[in-house]
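**Student:** Now for the letters of each chain:
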Amino acid sequence: MTGKRQVYTARAKQSGEETKPRKKREPQDSPARRTRGATRRAPEEKTEETALKRAQERRAAPAARRQKREREKAGTMARERKRVLVRSGGFGVMLIALLTAVFDALGLLLCAVRTEGVLDAQALTMIAVMAPLALLTTALLPRVAPVDPLLMALTNFLCGVSVVILYTVSPDRGVRQMVFYVAGLFVMLVMALVVSRLHRWHGLTLLAMVLGIGALILPLAFGEWNYGAKNWVSLPLIGSFQPSELVKLSLLLALAYYFGAHRTVLQMMPALLFAAACLGLLMLQRDLGTALIYYLTTLALFYVACGNMPLTALGLGGGVAAAVLGYQMFAHVKVRVAMWQNPWSDALDKGYQIIQALLAIGSGGLFGVGLGQGTPEKIPAYYNDFIFAVVCEQLGIVFGICLIAVYVLLVLRGIEVSMRSRRSFDLLLGCGVMMLLGVQTFMIVAGVIKMIPLTGVTMPFMSYGGSSLISCMAMMGMMHGISGRTREEMEEEILTARA
Amino acid sequence: MTQAWYQVLALLFGFVSAAVAVVCVLLALRAFVGERRLYRRVRRGLPGSGAAGVLRVLSAGHKRLPAGTEIFVPYEGTLGSAHSCDVCIPYRKVHLRSAFFWMQRDGLHMVALHRDGFHVDDVPVEPGDEAVMGDGAMVTVGELKMVLRLRGVSSASAEPVSGPYVTSARRSKAQKGRGDGLGAPGKGEMRREKKLEEKKRKQAEKAQTRKGKDSDARR
Amino acid sequence: MRVIRRRIRLLVMMLLCMFALMIAYFCYSVYFYGGRWVSNVHNPRIADGKQKVIMGTVTDRDGTVLAYTDEVGERQYNSNLQTRMAVCQVVGDDGGKVSTGVDTFHAQYLLGFKASVFERISDAITGTPQRGDDVQLTISERLSRYISEQFPEGKRGAVVVLNYKTQEILAMVSLPQFDPTDMDDALSDEEAGALVNRATQGLYPPGSTFKIVTLASVLTNLPDLEDFSFDCTGYYAVGNYAVTDASAHGMQTLSQAFRNSCNTTFAALSQELGYEMLGETAQRLGFNQNFLFKDLIVYNSSYPIDNLSAEDLAWSSVGQGRVLATPMHMAIIASTIANGGVMYEPRLLKSITTVQGGERALPRAQEPQRVLAQSVAERIEEEMVRVVTSGTGTRAALSNGYVVAGKTGSAEVSDDKSVAAHAWFVGYITNDNAPYAISVLVENGGSGGSVAAPLARKVLQKAINIGL
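Residue numbers (the working numbering), protein chains in the order written: chain A, 1 to 499; chain B, 1001 to 1219; chain C, 2001 to 2468.
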């Protein structure tokens, strides 16, 4: 009995001694288990000599083991550092790119054989563009340019779905969407390089603000009313485009620049004034959905930057007041809200849009009626605002939910990337981009499924339209640039640590 | 291809696309979580990663900050007694958010917001003043004395920035606003820097040639 | 920086919550409403499908064909005019004018939207044109026709017969009716409302039949009122108005008041209950609830639960005022009492047969819910039996040992010019070998005891004779 007790006290002492110094060095390691395992054998000892020997061995062995473990740890650390240094996304991301390519190829192949006895050469050509592009941008681009592989893969997936779906419902738009996608990739690359290289933003921000205001005035001066809004303008050379989509970039830049670096509210004023001017111009254009996105992004970034709760609440209150005022002032807002509450009351006229969207979603079922099947063209604006309903009808609700999940992952990844940056400008820019994209996606998808009143905004990456797609790609370029800058700094740190 | 067969294929494609989407989401989730963990582990293995430098406590004033303690200083952030501050100095006398700072190429810039006994190399820093600290600057907050060790700067410019750190020009600049917060000097600054460097080099060359001449003369 | 990061984390959490909420809402709405969206009248895919797919056959529970598609692809209906008219609102029409008809509401089966890949493949191999599933309904064409014949001449109204053991709808007849092969005629006289299925879409004040609900509330919430008695003078002043009765009933116990359908007693009881308790019982029994039945659309019955004034409460306790119910809902309440207080979802689809001859799984009904205590339901049944043996509903009594439990109602409605009463009878046969619940409504028919009760007796007798 006494011997046992001694053993126990010895164990307690030993483990106490063992763990204490170790804990300091390796907090995540648990040597306690090992020592306990060693002492469990202790009662078997019979003579004191062997006990002493064992004790010596025990004292010696952990040292060796510890050394070995430390070596191993150093090895894994070196390996992990190397993995961080590797610029490609790894196996999982490559698989996503491959699946995207397969999806694009199969979908377009299906489009090619749709009409009986005719092989659509256009669709086959598109396969030759889309599939390699999806693979190359994910596999090669991150090696030569500041591009985040996961973000790139998810963007490719969304754009691929968009091109395929648009090609089935109207081939013409599908082809043009692909052209915009390729152009968008270039814009993204340029943006990524600029953001990752440029250190001096003052002039560019001022320029962007001036250009932004100018661009927003354009449709008011030269645009024409359609769908109750005046947000399109056609210029010679460029063609018709929607300035409010591109001015999003100016807004994000201005907000990130003037909100960054722990400024006081007074010093934030230029950006706030710019945002207010944008909001005013958008109201004049009656582009209320976009105005809401601008407003929410500004408010979110204001809160993030200064954390001034009273002022944020004031801004929120102002927004609500403006919304109520807008509800009273604009008849079409009233109609939208009424149709959200009960679209069936006027199913053939005012509630037609939302009802057709719901019917399409319902008709699709879990796995859809099949690509190119169904009657999506019955939904008004099926190619831009209501593309989510079309996707749900053709590819099913499961796919639709996965699509939302992809957006969520995109936002999460973007936030993760921007959280790693060391400067508030990068942080706010990245956060702003992701907030904007997230809020926009939420607004349109929730609107289409009749969760909130419908706001006429585009679905990022999915909706047909050059301005929307290119501005989204440029925003992704900003994210890539931020990630590239952080990555460079991290690489430098790793290299100096190794040296 | 007849219509019926196309329908079959289209339906099958529906299943394929759902499977592709589910797998993509799962893969993306896995990649996201995996990369995040890897990054965190690597960062844990790199103490001071993401920090511009370090503040080493000299005076043994506080039990939570004994002498020799090192506080990592990020490239940009706030200083104060609040836990949420990037540089937390848990003294009762120090305001919750007492100053903010950011890195530029010439050193660490700091704007004090309160009179919390800020001194840089024994020069007092009034609220609203902007102080520029190079490697080796002595920072005093309240009774706490610290020395600033900068990582990148010390290697870039051989000699530490010498005082005075707080100038009237700085003060007016601090009131007007802030720089980019990006750690890059402006064009004008760069030009001035270049000129200064060239001047120095020329002087050094001149001195050398003079020395050489002198030595030649001696011989 | 640290603060900024923390705030961003907070915002991202909010955004994530919003997205989670959105996905949850999406799943919820698709699960509960998805089927209804497909089978909506405004769905252009139904008309589209009719162009491409051969629509399936609709039969009644005995296999009598009610609607089919002929060789030319035209939709045809039963050759007998009486049959055609008796089931017209249930079956619906080709053009989707009757939005709740099977031809529209179950078009996803009839048009083969539910066909699986394997069925499509076999279609593609054999090269046959695509054909939808055949649908067998639970209604009996014979009973429906009998009801249409026996319904008071020239009156409008509805009759619902349910099997409360199997929840099958045996008959659902609404008058006036139309001939689906001659839609021009029906459309020319849309004022008559033949296109509306009054059994499921007609909202009427339930009148005294609502006393079943009031009684249930009293028995549940105020059990000490068993030996309650009230002196009915035919007039009960409450608030600024009064609740009146046709005649003074004198001293009434609870049981007597139910048997004699004494308004003043129930008005007095309602003041004891308060609108909260009564409203709660009414909602448990399905008032104000969104019936999301899988097989048919039933409009929501309503009971006002906002803060009622005393007189509104008194009137609502006898099923007047703003209380509205469909005949189908009243039949469901009757079968709930018959089932000892458990409420089930009624079924209209008996089976769905695929082209290949297989059975397609029927949409799953909601779980049955206990809405009243067993003892309360039994006590109400006792009272309802007494109504038929010695109360207002004696003319609904059956012979040959069949015991009928029921409640009559005469719901007063007034348009601008005149006051009329809808005649109601709600009840069921208590015998196990004839588990039929019935709800009869005759618009402007007069007294429930003299108009609706005899009709209910005839219909129940016929149902027993047919042996459904």
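Any given hint might turn out to be false.
A short, non-exhaustive set of chain C residues, derived as facing chain A with CB atoms under 7 Å [unchecked claim]: (1) I2004; (2) R2005; (3) W2037; (4) N2043; (5) E2074; (6) Q2076; (7) L2081; (8) S2099.
Just so you know, these hints were derived from the structure itself, not from any lab. Note that the Cβ used here is the ideal one computed from N, Cα and C, for glycine as well.
**Student:** Would you mind marking each hint as holding or not holding in the structure?
**Tutor:** Hint by hint, here is what the structure shows:
Among the interface hints, the one on I2004(C) holds; its C-beta lies about 6 Å from the nearest C-beta in chain A, closer than the 7 Å criterion. Because the closest C-beta pair between R2005(C) and chain A is about 6 Å apart, less than 7 Å, the hint holds. Evaluation of the W2037(C) hint against chain A yields a held restraint, the C-beta minimum of about 3 Å falling below 7 Å. Annotation: interface hint on N2043(C) holds; nearest CB of chain A at approximately 4 Å, less than 7 Å.
The restraint placing E2074(C) at the interface with chain A is violated, with a minimum CB-CB distance near 23 Å, outside the 7 Å limit. Hint on Q2076(C) is violated. Least Cβ distance to chain A is approximately 26 Å, over the 7 Å limit. Interface restraint check for L2081(C): the shortest CB-CB distance to chain A comes to about 32 Å, outside 7 Å, so the restraint is violated. With a cut of 7 Å, the hint placing S2099(C) at the interface with chain A is violated, because the nearest CB-to-CB distance is about 10 Å.
Checked against the numbered hints above, the structure violates hints 5, 6, 7 and 8; every other hint is satisfied.
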